[in-house]
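There are 2 protein chains.
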Amino acid sequence: MNDPRPATPVIPRATERTRLAPIGLESARIVSGPWADWQRDNREVTTPHSFGWLERDGTVDNLRRLAPDSDADYPRRGLWFTDSDLYKALEGVAWDLGRIPSEELERLIEDMAGIIAGAQLPDGYVNSFVQAGHGERWGNLVESHELYCIGHLIQAGIAHRRATGRDELFDIARKAADVAVADFGDLRRGDTDGHEEIEMALVELYRETGEESYLRLAQQFVDVRGQRTFNTRRHGDSEYYQDATPVREETTVVGHAVRAIYLLAGVVDLYIETGEEALLASALRQWDSMTGEKTYLTGAVGSRIDGEAFGPGFELPPDLAYGETCATIGNIMLGWRLLLVTGESRFADAIERGLYNLFSASTSLGRNAFYYNNPGQRRALLPPAPVDDRPHRSLAPGTRPAWFECACCPPNVMRQVASLGAYLATHDAHGVQLHQFMPSTLRFPLDGGEVELETSTEYPLDGVVTVRVTATPETGWTLALRRPDWARQASVTVNGEEVSAEPGERGYIEIEREWRPGDVVVVTLPVAPRLTVAHPAVDALRGTVAIERGPVVYALESPDQADGVDLDRVELDVTQPLREDRRDDFLGRPAILVHATGRLRDDAAWRGRGWTAIDEQPDEAGAPIDLVAIPYAYWANRGPSTMRIHVPARRG
Amino acid sequence: MNDPRPATPVIPRATERTRLAPIGLESARIVSGPWADWQRDNREVTTPHSFGWLERDGTVDNLRRLAPDSDADYPRRGLWFTDSDLYKALEGVAWDLGRIPSEELERLIEDMAGIIAGAQLPDGYVNSFVQAGHGERWGNLVESHELYCIGHLIQAGIAHRRATGRDELFDIARKAADVAVADFGDLRRGDTDGHEEIEMALVELYRETGEESYLRLAQQFVDVRGQRTFNTRRHGDSEYYQDATPVREETTVVGHAVRAIYLLAGVVDLYIETGEEALLASALRQWDSMTGEKTYLTGAVGSRIDGEAFGPGFELPPDLAYGETCATIGNIMLGWRLLLVTGESRFADAIERGLYNLFSASTSLGRNAFYYNNPGQRRALLPPAPVDDRPHRSLAPGTRPAWFECACCPPNVMRQVASLGAYLATHDAHGVQLHQFMPSTLRFPLDGGEVELETSTEYPLDGVVTVRVTATPETGWTLALRRPDWARQASVTVNGEEVSAEPGERGYIEIEREWRPGDVVVVTLPVAPRLTVAHPAVDALRGTVAIERGPVVYALESPDQADGVDLDRVELDVTQPLREDRRDDFLGRPAILVHATGRLRDDAAWRGRGWTAIDEQPDEAGAPIDLVAIPYAYWANRGPSTMRIHVPARRG
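Line by line, the protein sequences give chains A and B. Residue numbers for the first sequence, in my numbering: 1 to 652. Residue numbers for the second sequence, in my numbering: 1001 to 1652.
Chain A on its own, in the form it takes in the complex:
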């Protein structure tokens, strides 16, 4: 057993290129509130649910049947990358063990590690698809996901080691990584995986072990990409694979969204360890383009169903939005790395946008059903998800399916929820940065002694975040609190006395003092509902407004509207105030609904026409109506519905 590192996904080794240092799950506990509830449900509901499906669909059997002593006579089942579904689920369980130990979950990992070890060939290679006789090892890397699967195995092994100090899974993963080094390292092969993931996994393995061949191989995989050498017509062009342009020259995210984002996460990792500025410059350039031109208000990224891909800038139609859950999770991972490097609040803002909106909407409130892609609008009722069955993926049905044939998203949700504590805060030589506001206890060493902070808040139900210092070094240090971009009117008190809420250059309210146990900081963020408009280049959203409240994007969903209120004919009167409506029990939890005043457009004057001359436009609106908005995250939990985030605006 090794001495465990902090239980956190990213631990930069070359710390001179990161402004902020991460903390582990052992140092950051979410103690109550909706995220704590989700972490509990993630363990108690999602984990058994997921492993049930992984068994049912043969994902575990696919590895079990490869054991040397196996006499299994059943065939391999499912898509060619199902191994990664298991590895991601195991990573989720591992982080969860870093949060709270569990003998049962320890045994689950032991069992699964035994099965994977049984499938692993003596040289370390493991892939249930290739080993089942489908193609040759590394024979079809553009599509095979072999290195992608190994990447997820590495991440799972590292998570388990950091969370528990145990090596079973880690040793398997390292052996698999060693095959990759042996076969690909020093350009023994010049190709790479069609689906990025291995890059960040190898950098993290280097961080965990100090073995530089992993870092060099990660660099090699980044270097060989973008030369238009991927020989495939499956997806039409090289952009899908980020193979059209070398990453150092690329100006924006292109192609398959999850792949593009995973690549960038690996690129930032590589920059941190190698210091090559061109890598960071590319990642920042692409992140700017993505965030400014290719991200929905909910944090959804990747608008195109075709190829699960980014389109050109400002192509953000809500009615055909794809918005894969994994892409937003990837974006949280990328944002986290950029936050560590730059210390700038905009990356934590983006993480928050993703977490409270698309990520939350991806999973049913029962935590046992999921959207793979997340509609940004729903004009017509669709049938509910199949019961006790799973679709492939594609268009989201009227309710969230329990599972998918392509089951990448649910285990990705598992690992994000389980590791969430690690995203709350960081530290640096000056002190502590609080990025996300959740009821939590943070306890970790600073220079000069241990610091402990207890945060209590109902945020985002209200905007009051109370941070109590319960332990502190004697020397002065700075508590930095993120001021979200939307929170222009924030206020802060220390022990009841108002202090400046003006943020520093990196977007944080910085309070430097000699802290004493018992000191209390209260930040009040203006979470009153507001109207948001899209950049005018977004065709599909021109002339619409959305309701936001704090970090939460709201949506109109049909079950909350009065009879006869057809969401396809609703317009929102932007001259009328928005009104909050606190419910103690909305879908089993406290929530704030928002009321707006609208009109119901009377389309009769259009007489069935789709078009008219500009001077002959009818404008028929009825009497004012009440529109009820709920957090987008809660939609589609009451059966099939229609839903709209961006509502046509009218004045009066």
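Keep in mind that the hints are not guaranteed to be accurate.
Stated by the list, open to error - Now the stretches of chain B that chain A is said to cover, found in silico as 3 or more residues with beta-carbon under 8 Å:
1) 1530-1538
2) 1583-1592
To be verified - Simulated DEER-style distance windows between Cβ atoms:
3) B:Thr1274 - A:Pro384: 36 to 46 Å
4) A:Asp191 - B:Arg1579: 54 to 64 Å
5) A:Pro384 - B:Gly1114: 34 to 44 Å
6) A:Glu405 - B:Pro1383: 48 to 58 Å
7) B:Arg1443 - A:Asp619: 41 to 51 Å
8) A:Glu104 - B:Leu1187: 53 to 63 Å
9) A:Glu580 - B:Pro1386: 52 to 62 Å
Claimed, not checked - Calculated from the model, a selection of chain A residues having no Cβ within reach of chain B, i.e. all distances over 12 Å:
10) Leu79
11) Glu239
12) Leu316
13) Asp566
14) Glu571
15) Thr642
Hints are computed from structural coordinates only; laboratory data are not their basis. C-beta atoms are modelled at their ideal positions from N, C-alpha and C, and glycine is treated no differently.
Take the given structure of chain A and dock chain B to it, following the hints.
Leaving out everything else, chain B in the frame of chain A:
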């Protein structure tokens, strides 16, 4: 050899349910102008081009290799429905022979008929995919397209017979139809093809032969559909195949657009022959919904890439529009049948919208390259189509490809262009209806004697349509001239004297008199450019205007704009006049361009953000700029470009 019927695709037998009677190509000749040029190029360029690709891609060989005396040792190639590509191309050639005879094209059909006959099994079955050993006859009808292919064979055979009086192809087709009757008739099998087409083909075969078993089988295929019995997960649900709801109960077009529209064309045919009102009611209901809520300004139908499908009403984002060429061609076929039934101008209006816009844009001006799906907007330059190669289909490249692996569209263009004359006019007991305005000669018998009309016009370059009566019965009759829906200010003279241009209840300007040879009718339609807006429920087009001029939809394309005019930042000032700009040689032909006044939005104030609070919206516009619009039909003929039909509107 049989006495040929009129060379026209639809000849109702139960004429009591059609207001209008069709004429044949022998009676309607387009004599000059752009459509005559296209018909010439269709014969001289598109036909050899298409047969070249059909040979090159093995489409003909796939049948050739099945000849009893074949010793071909090459495998079958291409998709499972390639036979239909050949049959549609043959139908195109057949209609072209009805227009102008050609020994060379006669021989081409003879040769191909011989090859098909060689492949046909003794009982009449013919399908190069199944006969190559892929599956069993009728074994996978949901996907196999076997009846779809036979349907196209039937249409080709009928076209050849009506155009030339020859039976070679017709006899093969009838034998194939007889297998279908033998195997499926009287519910011997209760299933049907996943891709509709056979329905209208069988009704037309009944019309051609009087054999009622064809009509009964068409009815059976319509009846068994919509019971959710298609057992496939390939496309997720039954709607894709129009199998979710019986057609008589369906309220709108759903699923795969070409399939949905072909079904409705067959349903109208069936109504005409059987008189079952529920069929017509459904077709009209679905047509209304499609035209009012699911049709782009260009006549594109089917907005979704995923499943090549209709979405819900008002889902018409231009930036992700699919708009398959075949779907608009199908809509022309459907509109024609509804026009014959109702005599209402709105169906001819829809045909005109499709013809001058999406249909014209589908084909390069060189007539040897095609879009399968037709972008409604292009934000970023895409690479040009591959040279001397063909994509599968999917997203349209920067220029039109020469061919496709899924080659349904180019031969569909061929048959539509070749048969276009038959869509110009009809007759009824009262006289003649002129639906489309092209330089043409029409000559056919009315009650009381032969009528001959010579139409000369530059329409739509200008709005003047001159119709000269050169032969006429002695008795009075009515000349009905379509007044397009946009032409509110039309005027008409007869022999120089103004008469009423008010349309009758079915949308036609009706002039009843005792016509004499030499009488001249001049219709003047107001083709000045105008601004058009979309129904406010169309999210993606809110706040935009489009330029139309007569029936022609205009687009801004990058090659025509001044340097620095980024079409993604252009706004059109709707308070300024539109100005015409006649060019004698624009891409090799006369054209009228339209100038508008715009502004170039300065997005710098957005500082890279995608979203802002409603009260903080920047509105930065520079000095007025000139915007140049060209007919949408001409876009993408000058290399990769950006393009926009619907332009954000501003006032001042």
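Quick rundown of the hints versus the structure:
no.	hint	result
1	1530-1538	holds (count 9)
2	1583-1592	violated (count 0)
3	B:Thr1274 - A:Pro384: 36 to 46 Å	holds (38 Å)
4	A:Asp191 - B:Arg1579: 54 to 64 Å	holds (57 Å)
5	A:Pro384 - B:Gly1114: 34 to 44 Å	violated (55 Å)
6	A:Glu405 - B:Pro1383: 48 to 58 Å	violated (33 Å)
7	B:Arg1443 - A:Asp619: 41 to 51 Å	holds (50 Å)
8	A:Glu104 - B:Leu1187: 53 to 63 Å	holds (58 Å)
9	A:Glu580 - B:Pro1386: 52 to 62 Å	holds (57 Å)
10	Leu79	holds (14 Å)
11	Glu239	violated (10 Å)
12	Leu316	violated (8 Å)
13	Asp566	violated (10 Å)
14	Glu571	violated (8 Å)
15	Thr642	violated (9 Å)
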